[in-house]
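Protein chains: 8
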Amino acid sequence: ERLDFDEAILCARKSDPQLTVIMDRVLAHGARCLMTRLEPDVFARMAPTYRETMDYDPVSRTAYLNWTPPAELEPPRIAVVSAGSSDMPQAAEVTRTLTYLGAATKQFIDVGVAGLWRLLESVDELRTFPVIVAVAGMDGALPSVLGGLVPGVIICLPTSTGYGVSNGGETALHAALASCAPGLAVVNIDNGYGAACAAFRALNMIRRAAAAPTG
Amino acid sequence: ERLDFDEAILCARKSDPQLTVIMDRVLAHGARCLMTRLEPDVFARMAPTYRETMDYDPVSRTAYLNWTPPAELEPPRIAVVSAGSSDMPQAAEVTRTLTYLGAATKQFIDVGVAGLWRLLESVDELRTFPVIVAVAGMDGALPSVLGGLVPGVIICLPTSTGYGVSNGGETALHAALASCAPGLAVVNIDNGYGAACAAFRALNMIRRAAAAPTG
Amino acid sequence: ERLDFDEAILCARKSDPQLTVIMDRVLAHGARCLMTRLEPDVFARMAPTYRETMDYDPVSRTAYLNWTPPAELEPPRIAVVSAGSSDMPQAAEVTRTLTYLGAATKQFIDVGVAGLWRLLESVDELRTFPVIVAVAGMDGALPSVLGGLVPGVIICLPTSTGYGVSNGGETALHAALASCAPGLAVVNIDNGYGAACAAFRALNMIRRAAAAPTG
Amino acid sequence: ERLDFDEAILCARKSDPQLTVIMDRVLAHGARCLMTRLEPDVFARMAPTYRETMDYDPVSRTAYLNWTPPAELEPPRIAVVSAGSSDMPQAAEVTRTLTYLGAATKQFIDVGVAGLWRLLESVDELRTFPVIVAVAGMDGALPSVLGGLVPGVIICLPTSTGYGVSNGGETALHAALASCAPGLAVVNIDNGYGAACAAFRALNMIRRAAAAPTG
Amino acid sequence: ERLDFDEAILCARKSDPQLTVIMDRVLAHGARCLMTRLEPDVFARMAPTYRETMDYDPVSRTAYLNWTPPAELEPPRIAVVSAGSSDMPQAAEVTRTLTYLGAATKQFIDVGVAGLWRLLESVDELRTFPVIVAVAGMDGALPSVLGGLVPGVIICLPTSTGYGVSNGGETALHAALASCAPGLAVVNIDNGYGAACAAFRALNMIRRAAAAPTG
Amino acid sequence: ERLDFDEAILCARKSDPQLTVIMDRVLAHGARCLMTRLEPDVFARMAPTYRETMDYDPVSRTAYLNWTPPAELEPPRIAVVSAGSSDMPQAAEVTRTLTYLGAATKQFIDVGVAGLWRLLESVDELRTFPVIVAVAGMDGALPSVLGGLVPGVIICLPTSTGYGVSNGGETALHAALASCAPGLAVVNIDNGYGAACAAFRALNMIRRAAAAPTG
Amino acid sequence: ERLDFDEAILCARKSDPQLTVIMDRVLAHGARCLMTRLEPDVFARMAPTYRETMDYDPVSRTAYLNWTPPAELEPPRIAVVSAGSSDMPQAAEVTRTLTYLGAATKQFIDVGVAGLWRLLESVDELRTFPVIVAVAGMDGALPSVLGGLVPGVIICLPTSTGYGVSNGGETALHAALASCAPGLAVVNIDNGYGAACAAFRALNMIRRAAAAPTG
Amino acid sequence: ERLDFDEAILCARKSDPQLTVIMDRVLAHGARCLMTRLEPDVFARMAPTYRETMDYDPVSRTAYLNWTPPAELEPPRIAVVSAGSSDMPQAAEVTRTLTYLGAATKQFIDVGVAGLWRLLESVDELRTFPVIVAVAGMDGALPSVLGGLVPGVIICLPTSTGYGVSNGGETALHAALASCAPGLAVVNIDNGYGAACAAFRALNMIRRAAAAPTG
Ligand SMILES: Nc1ncnc2c1ncn2[C@@H]1O[C@H](COP(=O)(O)O)[C@@H](O)[C@H]1O
Ligand SMILES: Nc1ncnc2c1ncn2[C@@H]1O[C@H](COP(=O)(O)O)[C@@H](O)[C@H]1O
Ligand SMILES: Nc1ncnc2c1ncn2[C@@H]1O[C@H](COP(=O)(O)O)[C@@H](O)[C@H]1O
Ligand SMILES: Nc1ncnc2c1ncn2[C@@H]1O[C@H](COP(=O)(O)O)[C@@H](O)[C@H]1O
Ligand SMILES: [Mg+2]
Ligand SMILES: [Mg+2]
Ligand SMILES: [Mg+2]
Ligand SMILES: [Mg+2]
Ligand SMILES: [Mg+2]
Ligand SMILES: [Mg+2]
Ligand SMILES: [Mg+2]
Ligand SMILES: [Mg+2]
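Protein chains in written order, with the working numbering: chain A, 1 to 215; chain B, 216 to 430; chain C, 431 to 645; chain D, 646 to 860; chain E, 861 to 1075; chain F, 1076 to 1290; chain G, 1291 to 1505; chain H, 1506 to 1720.
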């Protein structure tokens, strides 16, 4: 595959018949695919023949179609760090996407900066990860703090958690982009799939380098 | 005075003759006043008779007109904490306003979260201050971190430092307002004068309580 | 507790199972907690064993979990002033949070500036309060008027009341931040919990000063 | 004339030669005209033959070309009320435009709501005016307060005074539009000319009614 | 009454019990009132004893509580001009409010500028009205065209009709405010009540002048 | 050429040396090019050897490099209609670009809707043009009125003329896009070059059709 | 007809009775009309006598009232190119409107730039179309790529597909307007009807030219 | 060093004396540093003793203080791809920062999508780079096209090039974030320094993996 990873289906805004057509095409090729933004009620309405070939997770609203888990996984080299318990769905979309792509992850949850000590306890471990996905909504202060503490690739995933001037995630997005910590890289609000792909691009290049150490 | 503090003159957008008329009126009453947003070139154009009665500071762009420093000050009970060296003018406007009002301050500068250890070294001292002004631009993560560490009144002063999505201070403002740390209170972007007045209101009520302990 | 007050649970966007897990954890520790943004239908769906340990208020959408009212309260030193009868839910979130924290409040309702005389009648009483929370939506003119009349700490709580250019509370927020009255401090739109915490920080420092008058 | 008042020339963004062409055309017809947004340096560069036929005012940046003051004026029926001394240029554009159109005005300046008592002292007089122009920047609270106190036509002129979330006048504009006081009518930010024309439309209809009392 | 007109009740965002309390208070005083933004389902849920004293109109979503129509009306001096048939609810809120206040109106509907000839046919008649309310959404071009054709007071009521860059009425609002036609006065998006009050203020001053012709 | 028209050089934000390099490259190929956004002072600083090969127009800020006017032009089939005299520079950028591309234009200036009769006088002639460029700033009402009166292709060019809520052309842009007149096509604010290219694309297809009438 | 094409009915925001009145008027005149934004449930609620005279399509949400397909169509000269399968409803609104107006179209779907090769395969064919409608949401990169490859008229239809900073179509809209490809013309977000009308204006002028080749 | 790379000095908004103090501190430690946003005129005003220790580049506005180029560089593993010649300063800030950090780069300039063939010619080579920085302003379509063609880490650097709805880089930023190409990572507008640091984080992890191939 051109990009070393398969395309995913964004189910939001697609009608039931549209989804059926797409799934049939995938299954007809004996292929597999990842489905994102698949709401529980849409999944529930699907025919059992489809649901049997799917591994569905309601928290992340993702499904694996026609997918078999790999026999063995490398130890996790991607950390998924989230600020509040409200950011769980987005963090789950990241890990589910990476699992689908064959990359193990380790989660660090509820380590937002309002309770700084919880984050500080994990810093030494986080410094060993080559890639970190930082998930945060509201004021989005977590990526800035992380950015000053760890040397790896940091992918910031701003979330739409919050109200008022949180502006549906815009404040967290802007805080990550305007961070005074150097070298943070950012994806769209609530785009757990995109954050996972960005992390996976980095992991792939690291694997390539490890396989062919000259570069 | 109705509010227990004098009015200040916002010099921005006022013509030279407008400023002269106002200063004459103050001096005619034998009164004093604080002038803010007084640009160095505007100050330089003023007649020497005015400049002699003024204590001017170019960093904060403030002047004290017809002001005598108090014989003695209380020990500082307001801390002014700033994230980056670019936030100096706004932090200076806070301290200069408080000095004018007769309140001592202690400054903690360049303790932004990208260099978290500098901030952590000061936390124990900061916890002893009843009032803290937190000055930060760009991503504005400082107030969130402080808010989880100290129990006093926290006045957040977002600054227009930065570019791109910093949006002239809007991101720092929104980050302070949307903070997951509880009980942060916020003033307008670059409003060092307002932050000082908010801090002074709190200090006044604390003084009143200390003077009449029953409340 | 690090901040002299307990954490609250923001129930918005949390699923029923997530809330149950959190409540179990609180109860297992024999602890108490405040729950905010708890919608009536979510509360109604909870098992009776939980509901029996909760003091729920549908107007403010808050619940006290495992909480016993204090034997005695100080006389109120925090005033909660609201502009219109549409701002009732937010004003109630302020008072409920303060009650939970052990701080008595006095309410002044429907004293918006379009009916200025109602506000003016209360000014003398309001001047005796060391801390005032000003709740206002739409044009948000109340804080500016108050700010010119009373010397205490003023926490402005803009609300999302209104339509069109009220912009979900943004106009009231900006009016409070841009006020020509000196020293107003502002929290996020509809953040009654945050306004209460900011007021409580000030009250705590006042209590500390009253207890140890030297400062 | 179709609208009962002449067209004005908006000089901003017009080059010197463009202005000369327009003025020649007016003078060739023996006509008069009002010029707005005419900066002092543009005026200074004009040939003396033009400047002799002009009545120029640098505060409002307006000029009357080929205009003779009327022999006699009615007593003022339009009040121009402004919140701060920074709003002077806009208030002056209103009065200069109305003078040009032959309508007398009375000014009430520096009566912003942060100093509410100054405004309250004038309320009884203001209630006698059929038309009021309310000029205010920053938080724009003046129109809301006025709107609850006087029965006449109120034209709100928001100004670009202020910084940060004042957003170049947007906050004052939105506050006037979202006011809880009933029946305020609003013009564009800094549009003193437009506010004057709106006031003049009302005055004209009042004059028409007074001349032909049956309506 | 201080403003020569009664207060209205904005029913949006008020709970059923809140509305009942308010209505009881009005009825207890033998008073009347206007209720706006009263949705059909809220009205349907009210007890028959209330509904009997109410004159409800579902298009404008307004109700008159305890109101008797006046024996006789003056001929209409306020014209309500609307651009598209989608703007009907807002135009109806204007006329219903004015009817309640005792002012007759004449409606001109579906005269938007995309079908310019329909508007031009009415221009001569419209020039006889001292007050015009111009209702328009989407691009909001109607007020600009009217403003160049008629001499009376023009109150522009932008509506939230449209999608995409119509931005919930913001484009129509800005077009009215930025109009090149002189002297348009504008109210908040969808604020039919406010437009009616602004028109009524003008009508009142015209009546006052007609009654006491000297001014 | 792939697009049937040559590329232009956007001179804004290019340094003098950058421009020289580009011009040398064009001249070395014996080619010609159009330069846009070339400020008078930048042009004045260029070496005479360049200036001699250029046809520069300061109003539109365009230059033709190494260009010879065509011997003969078709009669104009593109009309350029502008609302106010402040929109002259943008209208000139349209006509200069089209002249460069070999397409004749006819201009209709100062026909904005506030003076509707001037526009109506030209409607019959405008209906004969297959392509019209409508140039308008501020409220941008001109395109909507035109759109209801003429059947040809209408390219709307919003301009940054105006202040306050004109928002640097955004209101005119949005009004054109949200127009209730069907089939208006719009380009970026102040993009006279782009409007000309869009008009030229239509003209080219019309020429192609006229040359090969079957389609 | 003045514009060479009939008016359409925008059904969004119209009540069932309003729609009935309009349809009766059309049918009473023996006329036909196009209805847009007609939701399936609204259509389903209509009386059978109406539904029998209608040709309804749920994907585009359009209906033809009292319409007979033309005996014969020209070969398609308008291409409708769409980026993703989520943009289907908008692309369908374009083709359905053009079919109603009697213009044949050819569709090119799912040719977004993330899978560039699918688009490149069609370029040669696309270059033969005089008019292209480019439908794209999210980042809206398709029009820019097309604009550099084909010489015909390009009408860009941005869609509201996407989330986060897609901002309901604003990013796709701005990308089309700010494109570095010359001569793109743009319509409002999701305005398939408007895109079709713009394309039809161009087709009409091409037909006129082909019929009367001299101009 | 905690992050494996040194801090840089953002010179924008710092006064000459502030910069001198910082440089003295660096030199006193025998350290080196990178200075960004150093305008030519600020550099020109510095004392020769400073300028001698600096390697200044006016295009990128960067200086290396007390820096010696490394003896030997690895072959470039970071590609810097830019869309237009107007994006040169930002692309230069990226390469200068990486050079300072000891990472070689290869540049691909003026390969924007409006001239798609130029980009396509380089795709095979670009696929060999583990890290790519994509620099683009205006519509920002380049990153989306690249994202579908190459497997490496892609850091998108939106630039403020353009006018009107380019909105100072916001459109390019949003287009990169909302891209339908999977796994793009984005930095703040014009933040060449940040893009370089993000690329360097990835390169460092790749180096670490190559050095210790097991992971
Ligand atoms: N061009 C740049 N853009 C964004 N951040 C920068 C840039 N140059 C330096 N920085 C960051 O800004 C910080 C310096 O801020 P300050 O304390 O104000 O000097 C450094 O630690 C860098 O991480
Ligand atoms: N109504 C509220 N508004 C804003 N913040 C709140 C509110 N209620 C609770 N919080 C804060 O949100 C945090 C909980 O976030 P979470 O980890 O998602 O449960 C708490 O620590 C509180 O500081
Ligand atoms: N005035 C203008 N407005 C918008 N785009 C322009 C303008 N002039 C030239 N262009 C486009 O900008 C491109 C030049 O970009 P650059 O490579 O930075 O010189 C050209 O290919 C034109 O398509
Ligand atoms: N889908 C649509 N999007 C934009 N405008 C439309 C649409 N459908 C119809 N229209 C226009 O809206 C006008 C109808 O407005 P109204 O008077 O409210 O029915 C028609 O004249 C059409 O030009
Ligand atoms: Mg938490
Ligand atoms: Mg620093
Ligand atoms: Mg009330
Ligand atoms: Mg004042
Ligand atoms: Mg219509
Ligand atoms: Mg004109
Ligand atoms: Mg696809
Ligand atoms: Mg180029």
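Calculated from the structure, these hints are not laboratory results.
Be aware that one or more of the hints could be misleading.
Derived DSBU-like pairs: lysine-lysine, alpha-carbon spacing no greater than 30 Å straight-line [claimed, not checked]:
no. : chain 1 : residue 1 : chain 2 : residue 2
1   : F       : Lys1089   : D       : Lys751
2   : B       : Lys229    : D       : Lys659
3   : C       : Lys444    : E       : Lys874
4   : B       : Lys321    : H       : Lys1611
Label-pair restraints from in silico Cβ distances [unchecked claim]:
no. : chain 1 : residue 1 : chain 2 : residue 2 : range
5   : E       : Asp970    : G       : Pro1348   : 54 to 60 Å
6   : F       : Thr1095   : B       : Asp239    : 54 to 60 Å
7   : E       : Arg978    : F       : Ala1179   : 31 to 37 Å
8   : B       : Gln233    : D       : Gly675    : 36 to 42 Å
Here are some chain G residues pointing at chain E (derived, C-beta under 7 Å) [what the hints assert, rightly or not]:
no. : residue
9   : Ile1299
10  : Arg1322
11  : Asn1478
Beta carbons are placed, not taken as given, at the ideal position from N, Cα and C, and that holds for glycine.
Now for the hints, and whether the structure bears them out:
1. Distance check on the hinted pair: F:Lys1089 and D:Lys751 sit about 53 Å apart at the alpha-carbon level, beyond 30 Å; violated.
2. Restraint check: the Cα-Cα separation between B:Lys229 and D:Lys659 comes to about 26 Å, which is no more than 30 Å; the hinted pair holds.
3. Restraint check for C:Lys444 and E:Lys874: satisfied, since their Cα atoms lie roughly 26 Å apart, inside the 30 Å limit.
4. As the CA atoms of B:Lys321 and H:Lys1611 are separated by approximately 50 Å, the hinted pair breaks the 30 Å bound.
5. One distance hint, 54 to 60 Å for the beta-carbon pair E:Asp970 and G:Pro1348, is violated here, with the actual separation near 29 Å.
6. As the Cβ distance of F:Thr1095 to B:Asp239 is approximately 56 Å, the hint placing it in 54 to 60 Å holds.
7. Remark: the range hint 31 to 37 Å for E:Arg978 to F:Ala1179 is upheld by a beta-carbon distance near 35 Å.
8. At about 38 Å, the beta-carbon gap between B:Gln233 and D:Gly675 stays in the expected band of 36 to 42 Å.
9. Hint status for G:Ile1299: violated, given a least beta-carbon distance of 9 Å to chain E, over 7 Å.
10. Here the hint on G:Arg1322 is broken, as its CB sits about 18 Å from the closest CB of chain E, past 7 Å.
11. A cut of 7 Å between beta carbons decides the hint on G:Asn1478: the least distance to chain E is about 4 Å, and the hint holds.
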